[in-house]
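Colleague: Sequence:
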Amino acid sequence: MSKAITVTHYGSVCSGTSPSDNPPKLKHTVFNTFASFGLAFTNIGILSNLSASFQAGLLSGGPVAMVCSWNVVAFFMLCVSLSLAEICSAYPLNGIYHWAYELVNAGGDTGVQWAPFAAFLTGWIYCLAGIIATATADLAVALSISSMLRIFSEGSIELSKSSILLLAVGILIIHALLNIWDMQLISLMNEVSVWWSCGGLLVICAILANYTPKHNDIWWVLTDYENYTGFTSVPYVVMISMVCAGYTLFGCESVAQVAEETEEASNATPIAMVASIAVSWLVGLLFLVCLLFYTQDIQSIEDTQFAMPIAQLFLDAVGSRLTMILLFVLVVSQFFTGCTTVTVVSRLIFSLARDRAFPLSQKVVHLNERDIPDTAIWIVTILSIACICPFPLNEFIFNAIISATTVTANLTYGIVLLCKLLVPIKVRGPFHLGMFSFPVTVLGFIWSVFAVVAFVLPTRWPVTIDNFNYASVGVTTLLVFTLANWWLWARHKYHGPVVHDASSTLYISPTSVA
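Using the numbering used here, read the sequence shown as starting at 1 and increasing by one per residue.
Okay, the calculated beta carbon distance ranges per label pair: (1) 299 <-> 487: 49 to 55 angstroms; (2) 202 <-> 156: 29 to 35 angstroms; (3) 302 <-> 203: 25 to 31 angstroms; (4) 285 <-> 394: 29 to 35 angstroms; (5) 449 <-> 152: 43 to 49 angstroms; (6) 184 <-> 149: 29 to 35 angstroms; (7) 213 <-> 464: 33 to 39 angstroms; (8) 394 <-> 319: 30 to 36 angstroms; (9) 359 <-> 213: 56 to 62 angstroms; (10) 488 <-> 464: 33 to 39 angstroms; (11) 233 <-> 154: 39 to 45 angstroms.
Hints are computed from structural coordinates only; laboratory data are not their basis. Note that CB positions come from ideal geometry on N, CA and C, so glycine has one too.
Turn these sequences into a full structure, and let the hints guide you.
Modeller: Here you go:
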């Protein structure tokens, strides 16, 4: 049986801080449980991210690999979400890097010594992953709009890669302005996004079912194997096809970044994390199977000139007019996802700066008159623009960005889950797994390690300078950059999360109370 205790400060073990420091706080109670779920579900972005990465899976294993990998990845991501949700319920503030700190800090004298490094490493890698994800999401919007313009003009308007880049920059700026304007608007947008995704799925399925001339049978969907990679090893091809599901299904933990603005965060946030993966598993499977049932010509998708290859699938299936409707559904969903990603990453940067783990922290933690971290939002926007600047240089850059996003996100999962395995969590929140905590965490950790390794591997053979998977270069650069920052200044400045007023009730197992 568990007992409840009340704590008034998180990160109270941090040295060199005190409640009198009075760090800035975000506005409370902007998000209820459904809005929190909406944020996590929108950040995962089933319609937007699955449509953006669909061709990567289809050309690497075909329908059978996509369906199998979707269910396998979804199962493991559910394990990841359950394990992270258990930690979040105990430490509902500041998100994933704070969890790493608290877990390692509970490991005795050695843990106290290494906790700041674990938190800094986790926080910075996750922050950079979020920036890449923001860049990818808004670039996907631009790619879809470019495809719509080409269809609308019957091929007379074809945006260059430089023009698509400028369009993505404009979308990023719009998302920044929306986030700065009003958080109630973002909260409402997240709730609308849930219904838009579900309604959009029905619209897409209905149009494809009624207007597609050729319907594939279930046997083809569950057994057809395609390989446009150049590799001959079937297991290897299926493995790299998992990047589609891996990219689509990460992001449930994003809702923890707005826990400070959430009602009853120790309950609402973990529930939102797990529910977002469970619902995404089902909605994504329905969307994926629907697309596969009405795929007319895989070679046509491979040879497409559209910036967003899924536009070719729609065009082959239902013609130009209905394709415009389907792409509009996706563009709105992608727009919601990009806007939410800016929200999440800006809160992470704000938290890092408030905890003195970010350069020029006193300027970064600035809040506008609506208690919104506007400086952090602009930092996200500027760095996201920098991430997509190489896009015009290579046709495979977009896929490399997708891989880099997936790898960095799973790397942070792996760090936190490893901390949890090495130093079992002593503080229980209202959401906990009981006897299943350890096996679920092990499964989640195994997947995280696998994803980090698998998604930096080559995706085409023979490997050339054009088709090389630059995700490995990007991830290595991020790691070196993070470690260099720690060595040069952070190890002298950052000692852990800063204490601030955040009352909450936690539940501690009697066996863990000394």
